[in-house]
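So the protein sequences, as listed, match chains F and A. Going by UniProt numbering, 67 is the number at position 67 of the first sequence; the sequence numbering is gapless. Going by UniProt numbering, 168 is the number at position 168 of the second sequence; the sequence numbering is gapless.
For the record, the hints were derived by calculation from the structure and aren't laboratory data. Only a predicted model underlies this, so the values are computations on that prediction, with no experimental measurement involved. A few of these clues could be false.
[What the hints assert, rightly or not] Distance windows between CB atoms, simulated:
| id | chain 1 | residue 1 | chain 2 | residue 2 | range |
| --- | --- | --- | --- | --- | --- |
| 1 | A | G115 | F | R268 | 35 to 45 Å |
| 2 | A | G80 | F | T149 | 37 to 47 Å |
| 3 | A | R182 | F | T246 | 37 to 47 Å |
| 4 | A | R182 | F | E151 | 50 to 60 Å |
| 5 | A | A101 | F | Q27 | 50 to 60 Å |
Even glycine gets a Cβ: it sits at the ideal position worked out from N, Cα and C.
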Amino acid sequence: MLKTIKPKTARSARALKKREPKIQENQKTAIFLRGHKTNNIINTALSDLCALKKPDAITFSKKNEILPFEDDTSLEFFSQKNDASLFVIGNHTKKRPQNLIFVRMFDGQVLDMIEVGVVNAKSIADFKTPKCAVGMKPCFIFNGDLFETSEIHKKFKNMLLDLFRGQTVKSINLSGIEHVISVTAGSQKDGGDPSTGIVYFRAYSIQMKKSGQRIPRVELEEMGPSFDFRFRRTKFAKEDVYRAATRVPKELKPKKIKNIDVNEIGDRVGRIHLGKQDLSQLQTRKMKGLKKRTINEIDAMDIDEIDKEDEGEEIFPNKKQKV
Amino acid sequence: MDVSAQLETQSSKYKPITVEKPISLEFDLGLLAGYDTNTLDDQKLKSKNIDEYLKEYTRDGAQLLINELFKLPVSVEDAGVFAQLPDVTTVLPREKPIPKAKPLTRWEKFAKVKGIQKRKKDKLIYDDEKGEWVPRWGYKGSNDDGANDWLIPVSNNDDPYEDLFAKRREGKKQRIEKNNSRHQRNLEEAATQQNKNTTTNPRIVATPNQRSVRKAELNKQVAISKLATASIGKFDKPLEGEPKMKGVKRKFEPTIADFKKEKESNLSILKRVVGQGSKSDGGILNAIANTKNNK
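I would like the entire structure built from these sequences, with the hints used as guidance.
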């Protein structure tokens, strides 16, 4: 745990303020680290993944004695020091050759970790094709029903989305969609052991061709990197911690508009409250017999008059009367 | 010539933008993501042409995703056509916890109760004497309390031998000090408030930070440390501003007194040490014998 720093200058105070928790969070920075031993495949894999994540990526090229599944304190240190919450750690041991560990942090602590082995790898440099520009938002395509059913696949999908999503934007330039990251889940053996299935990670650049319509025809060209992953160890967050991490601030929740709904067809439906109708003021057909009179007035009237009314002489009221 | 035939020739010039899938894709357009849950061809995944297969498969998905993106409402700007993205639907965890509301200072609490609103004040105010605009506070500010006056008139109520310049300076100093102490108090109270709200990080331990709590704790510890000497701290060097100990007195029994009482008190001590709740002397002795045997 680092000592809490008290800013001495206004500049450092501003820098510290930037690191404080925010309602609308900034992009997550990722750190790409090497373990105590790596090989060429892992090194290029790290630098290629870093190239996809740039500009919110920090690479450390020296070796680090880090074993995240055994001890995560050094990760906490790295996270706090660099204000980063994503890690990709590569190492290569006899027991777990060509190992990549994806780590996510919340509140300066490890939230979840997924370890994968790299079965096959091709670097970006192996593909002599046009690459996307730095900092472009990628498209994601996740293929396979395992990403909906298997817990580890779900988490891995979430982790990759979190890692490469880039800036949160309200709108996007349609001509700026340049590449797509495709992750495909290969089938597992009957037992459903996730380490038996392979996950294919591919990155393609998008070419939009004319289609004679407004929407273009999409053609892909592989730009790299390309990996075949196999799941190894995992460590997921406890439910209460995960719930705390996924809480949405009150300010960002969409405000509920009363009495306006959208029905299944997509129409906006409003409900109007009119209050209780005052029926005592209701205007009914006007007749002399229904007129309000005091008892004295009735007494004063002729019997003939009452008879006339009963015969219904004034059923149709005078049009000049107020209605 | 028939229009439909024309349309056909037009469309046959280009490849199609439609894709047929048994299960339609789910989209999270805020993230530009498409989730395809259709079953993949296992044979092709295991074959050598897997890269080709994956590329074709992804192209179909990407085409559907692009179709959806191009259907979104757009706005035309200088840089190009911008599609308005909907909110992200996939739940992604945050990096840091939701910020807690800053604890109010004593003034803010008071102002809230009284309904006092903050007003924006101009930085410069007009000085009638000088005939120019001066800052409200700070360097050459209007609230300098007449620090540059070369003369202060002594009114009838003032002590004629008092240095009024020094008095002013002292007054300002004291006001600043008071403000600082209030600020400090606000900070301490805020810290206590925040420590009460436990964080998810167990390494940050909640500690009482409030001045009064700490003060009470310290006084308690000083009192305990006093008991360490036989004179209960009577001859210790007193600390600065140390409160006088209350209710702590030590009585000494006279050297020669009632033998029966002394015996009783000693036995009670023995009872307490050995325990067992024995009633007679014989019982205690038995207990002692037992403990000896046990050893």
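Structure-based check of each hint:
At roughly 39 Å, the beta-carbon separation of A/G115 and F/R268 lies within the given 35 to 45 Å, and the hint holds. As the Cβ distance of A/G80 to F/T149 is approximately 39 Å, the hint placing it in 37 to 47 Å holds. Here the CB-CB span from A/R182 to F/T246 is close to 40 Å, well matched to the stated 37 to 47 Å. Taken as a hint, the range 50 to 60 Å holds for the pair A/R182 and F/E151, whose Cβ atoms sit roughly 54 Å apart.
Distance hint for A/A101 and F/Q27: a CB-CB separation of about 25 Å, inconsistent with the stated range 50 to 60 Å.
Of the numbered hints given earlier, the model fails hint 5 alone.
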